[in-house]
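Undergrad: So you can see what is in the structure, the chains are spelled out below.
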Amino acid sequence: MIDAPLLRDLGFILVAATAVVFVARVVHIPAIVSYILAGILLGPTLGLVEVSYSVEIISEVGIALLLFIVGLELSLEKIRDVGRVAVMAGLGQVVFTAGGGLGLCLLLGFDLLASVFIATALTFSSTVVVVKLLDQKKELSSVYGRIAVGIFLVQDMVVIVAMTFLAGIGEANDVEVGEMVRGVVEAFLGMALLLLVAFGASRWLLPRIFGWISNAPETLFIWALSWCFLLVWGAEIMELSLEIGAFLAGVSLAQLPYHGDLRRRVHPLMNFFIAVFFVSLGIRMEFGAALTVWWPAVVLSLFVLIGNPFIFLWIIARMGYGERTAFLTSVTVAQISEFSFILAAMGLAAGVIDQETLSLIGVVGLVTIGLSSYMILYNHRLYEWLQGSPILRIFGAREEGLERTGRESTEHFADHVIVVGMNSLGRLIVEILVAQGEQVLAVDTDLDKLQGLPCAIMLGDAEYLSVLEEAGIRDARLLVSALRIEDVNRLLAYRGRQFRIPSVIHAFEESVERELAGLGVAHLLNSRVAGVDQITRELQKEGVFGP
Amino acid sequence: MTGVTVLLLAGAAGFALSRRTGLPAIPFLLLSGVAASALISLPEPFLEDALILGVTVMVFVAGIELNPGRFRLQRKAALAVGLAQFLVLGAVGFGLGLLMGYSEETAAYLALALSASSTLVVVRVLQVKRQLFEPFGRLVTGVLLLQDLLIILLIPVVTRLHHGAEALVSGVLASLALVALAAVVLRWVAPFAVQRLAGDEETLLLVILTILFSFLGLANLFQLPLVSGAFLAGLALSGFPVSSLVRGQLKTLSDFFNAFFFTALGAVLPLPTAPEVLHAGVLALAVLVVTPPLVAVVAERMGFSARPALSSGLLLSQTSEFSLVVGLQGVILGQLAPGVFTVIALTTLATMMLTPFLTTDRVTWALVHRHPFKRGESLEKRPEDHLLLLGCGRNGLTLLELLVVTPNEVVVVDDDPVLVQYIRDALVPALRGDVSDVEVLRAAGADRARIVVSTIRRTEDNAPLLAMVRDVPVLVRAFNVEDGEWIRSRGGRPILYSEAAAQDFEEWYRTVWKSAAEATEPKEIPGES
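Chains A and B, in that order, give the protein sequences.
Per my numbering, the very first residue in the first sequence carries number 1; after that it's consecutive.
Per my numbering, the very first residue in the second sequence carries number 1; after that it's consecutive.
Please note that a few of the clues may not be correct.
Stated by the list, open to error - Restricting the straight-line Cα-Cα distance to at most 30 Å, the calculated cross-link-like pairs of lysine-lysine (BS3-like) are: (1) A/Lys138 <-> A/Lys449; (2) B/Lys251 <-> A/Lys138; (3) B/Lys381 <-> A/Lys138; (4) A/Lys449 <-> B/Lys251; (5) A/Lys449 <-> B/Lys381; (6) A/Lys541 <-> B/Lys381.
Just so you know, these hints were derived from the structure itself, not from any lab.
Okay, chain A solo, but in the shape it has when bound (with noise of 0.2 Å):
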C-alpha cells in the first residue's frame, strides 16, 4: 500500500479497524473489541501486517498515555482510600485465581510445569482494557472505578515478581533462588525509588516549573508528556512496567490545577496510540491450533468469566464494601491480560508450554476480553438484573458498606449559562448573569483569567467536544462566547445548534457577521456596533451634536 514499511503497517492497522468498528458498531460490539477482530483479520487471517519495531512502540505509547490518563484523573486524595482494599483484593484474587487455575489445569490433563505457566496467565487481568472501558464509561473517578484501577496496579506489580520467578523457571529448569530474591528485592526498591521522585516532585518541583509555563497550553502539554515518559524512562530502567511509571506521573500533575486540562488533551493523542495497540493486540493472537483445545478453552474461559468475579466478590465484600460496589469492581477483572501473551510467549521459547497451549492462552483471551467489555460496559444493567439475588449474598455481599461515605467527586452542571473567553468582555457578561441569579461556569484556557471570578470556573479549550461536555452542554440553558477567535466562534456557534442550545456568540469583525447569523445564533455581540455607539453618546456629551 504505502512504500514507507511504518505508515503502510499504520495504513492497513487504522483503514481496518475503521472498518471493523463501522460493521461491528451495527451489532453494538464494543470498539476495543472491534480492534482487535481488525488485528486478527490482519494477522491471523490474512497475514498483512506483522508487528514491526515502531508499531511495537506506539502500542506502548498509547499503554503510557492511558494510564497517564488515569493518573491525572485519580488524585492522591481519590487513591488513598481504596489503597488497603486494592491491595488486599489485588493479592487475594491472585491467590486464590492462581490456585484455582492450577488445580484446574491438573484436572484438564495439563503437566505440572504447564499448568503453572496457564494458571500464571489466568491470573492476571488486563489493565489496558479495563481502563479503556471505565474511560469510556467516565467512570473512573467512580469508587468501584478507583478500586478497579487500584487492584490492577498491584497486580503490575505482582507481574512483576510473577515474572522474575517464571523467566527463572524457564532460562534453565534450575531454579536460582538467589538471583529470584535478588530480583524481587530490585522491583521492590525500583518501585519505592519511583514513588518517592513522584511524590518529591508533585510537593516540590512540578507546581513551580509548570506555573511558569500554565498559560502557555502548547509547552505545557508537551512539558507534562516529557514527565510522563521520564518516569516510564524510569520505569523501565529500574525493571517496573511502564504502566507504573506513567501511572504516577499521572497522580504527581492530578494535584496540579491544569491536571484536567491536561487529561482533555491528551485523550485524542491517547484514543490514536491505543488504537494501534488493540488492533496489534489482534495481530498476535496465535490459533493454529485451537481446533483442539476447545474443550479446556471453554474451561478456562468460564473459570476467568464466572470464577474471577466471584473471588473478587467474596473478597471485596468482607473489606466492607456494599454489594453493589462490590459487584462491579468484580466484573472488571473477568479476563485475562496482554501479559498472558506474552508469558505464553515465553513458555514456549522456553519450551516449557508446546504450540497447543499457545492457541489455548490465546483463545481464553479472544473469549476473555471479548466477553468481559460487554460485562464492563453493562455492569449496571446487569446489576439490576442479579440485586437482590441470593447467588450475591451466597459470597458475602450487604447491600450498604463503605461506600456510602466516601465520596463520588463528579460535579455535574445543569440548567446553567456557559460562558466562554475570560477577556474583560466574558468577565462582565459573568457578573451581569450572575447578578441576575443564574448558574455560571466559566471557561478560559488561561488559568489567571479565571481567579477571582463570582462563578464555577474550568480550565480547558471550548475547541475540544470533551471540554463542552465536561461543561455539561447537553443541560446548559444558554451559551455565550466573548472569545476574539474567528474559528473557535464558529464552531461554538456550531456546537449550540447541535445540541439545541441557544448560543450569544461575539461578532468581533464585521467578516463573520452573516456566517454566524446563518448559523442561528440567538443573539450576535457586535462590540464594534455598541462601541461605536459609546462613541456617539460621549460625543453628544461633548456637546458635538448641539446643545
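Got chain A; can you put chain B on it based on the hints?
TA: Using the frame of chain A, we list chain B on its own:
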C-alpha cells in the same frame, strides 16, 4: 521507550528556551534535537519513522487549515504578493544554487526551499502582536496558505525533474486526479461522515486518519510524494464545519508530532562544514534582503499603506517549515546530498530566529522613515478646530453620517484607499495614511482638532497620537480593561468596547431572553438572521 523520552525531553527543552527568549520554537527544537543526538545515540530506524510520521501529520494539518475564508477580504492582494514572493525568491534560490556550483536539480530544490515563508512562525508572531485580524494580518495569512499550496503542488514536479517530460506530465496529471478526489471528499464525503460522528470523538479520529492514510496510499500508487497525499487529505477536510470539528481532535496530535518532527530532524542533521555554513549565510541574506522590499512594493501596489506593507515584508522574511519538508523529501529520494539539506536547515534556522527582531515596531518605523516612495498626502489647508476621525471602517461610517450633518468640520484618516475615496466622493476631507505616523497626524491637524476619535484596532498604535496631542480630548477605542488603563495613563479617554458590548448583552438578556424564557422554553428562542 528511550527514543520517545529523549525526543520529548528535547522538545520540552526547546519550548522552554523559546519561552525564555521569546523567539520561535522551531529553531530551538532543531537545536535541542542536535544536542540530544550528541548526548545519546538514537537508533536510525526510529528517527526515520519519527520524521516520516511527524512530517505526515504536520503537512496534513496544514492542509486542513487551508481555509480561503480566512483571507477572503484580501484575496487579490494575497494572490499578487504570494505569487511575486514565490517566483522571485524561487528564481533567486535557483540562481544562487547554480552560482554556488550545485547541479540544476539541487538548485531547483533550493529554489523551492527559498520560495515560501513559515506559517507556524508568522501566525505565532501575529497572534502575540494581536495583528492576526488586521487587514495586513489577513494578507500575510493568505500569502502563507497560498505558498503552502504551491510548494506542495510543486514537490512532485521537482522530484521528477530528472525523469523527463513524460514523468513530469504524469506527475501533474496524478496530482490533479488526487486534487479532484480531495474536492469530492471535501464536498460530499467528509461532511457526511464527520457530522454523523460529531459526538463520537474516538471513531471520528479513526475516520480522519483513515482519510489521511487512504490519500497516502493513493499518492504512493500514483508515485507521488507522501507529503502531497497528506496535504490533499487535509484539503479534503478543510471545509466548515468539518475543519472545526476535527481541529480539536488533531490539535494534540499535531503538537506532539511537530515537537517530535523538529527534534528528530535536529537529531539526524549532519554537522555543517564551513562551505555549507557560508552557503546558508548567503541564502539567508538573500531572503532577508529581497523579501521585505519586494513584498512591500507589491502590497503597496495593491493598496496597502507603507507601514502595513513593510510589516508584511518583514514578517515574511524567513524560509518555511515546508522548506525542511522539501529538503527531507530530496534526501529520502536520494536526489539531494545530506549537506544540501543541512544548508536548507541552517537557512531556515537563521531566518526564523531573526523574525522576532525584524518585526519590532522600531525596525518597521525605521524602514518607513527611509521609504523612498512614501506618498505624503495632505489636505488643501491644514484643518483646525475640527473633528478628527482616525480609522473609519464600516461601523465608523455610521458615526461619520451623524457627524457630517453637524456644523463641525470633519476630517477622516484611514489606510484603506477604497474607503478613503468613498469618503472623498461624499465631499468629506479624507487622508489615506497610517494613523500611527506622526507626519500623517500632523497633516490631519491632530494637535489642533476640537476632538479626536481613534477607532483603530491595535491600542499600542495610538502611542504617537497620545504623545503628540495634549490639550485636545482624545477618545480611543479599546477592548480590554488593561488597554483602557494604558490609554488613560497617556492622557486619552478610553471607550471600552467590551463594556459597551456587555451593556448590549444585558439589554438583550433582560428584554429578549428573560421574557422569552418566562413565556416559553429557552431552547426555543429563535436565532437572529
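Undergrad: If a hint holds in the structure, say so; if it doesn't, say that too.
TA: Hints, verified against the model:
The straight-line distance between the Cα atoms of lysine 138 of chain A and lysine 449 of chain A is roughly 28 Å, inside the 30 Å bound, and the hint therefore holds. Using a Cα cut-off of 30 Å, the hinted pair lysine 251 of chain B and lysine 138 of chain A holds, with the two alpha carbons roughly 22 Å apart. Between the alpha carbons of lysine 381 of chain B and lysine 138 of chain A the distance comes to roughly 72 Å, so the proposed pair goes past 30 Å and is violated. The suggested pairing of lysine 449 of chain A with lysine 251 of chain B holds, with an alpha-carbon distance near 22 Å, which does not exceed 30 Å.
Restraint check: the Cα-Cα separation between lysine 449 of chain A and lysine 381 of chain B comes to about 49 Å, which exceeds 30 Å; the hinted pair is violated. As the CA atoms of lysine 541 of chain A and lysine 381 of chain B are separated by approximately 29 Å, the hinted pair is consistent with the 30 Å bound.
Checked against the numbered hints given earlier, this structure breaks hints 3, 5; the rest are met.
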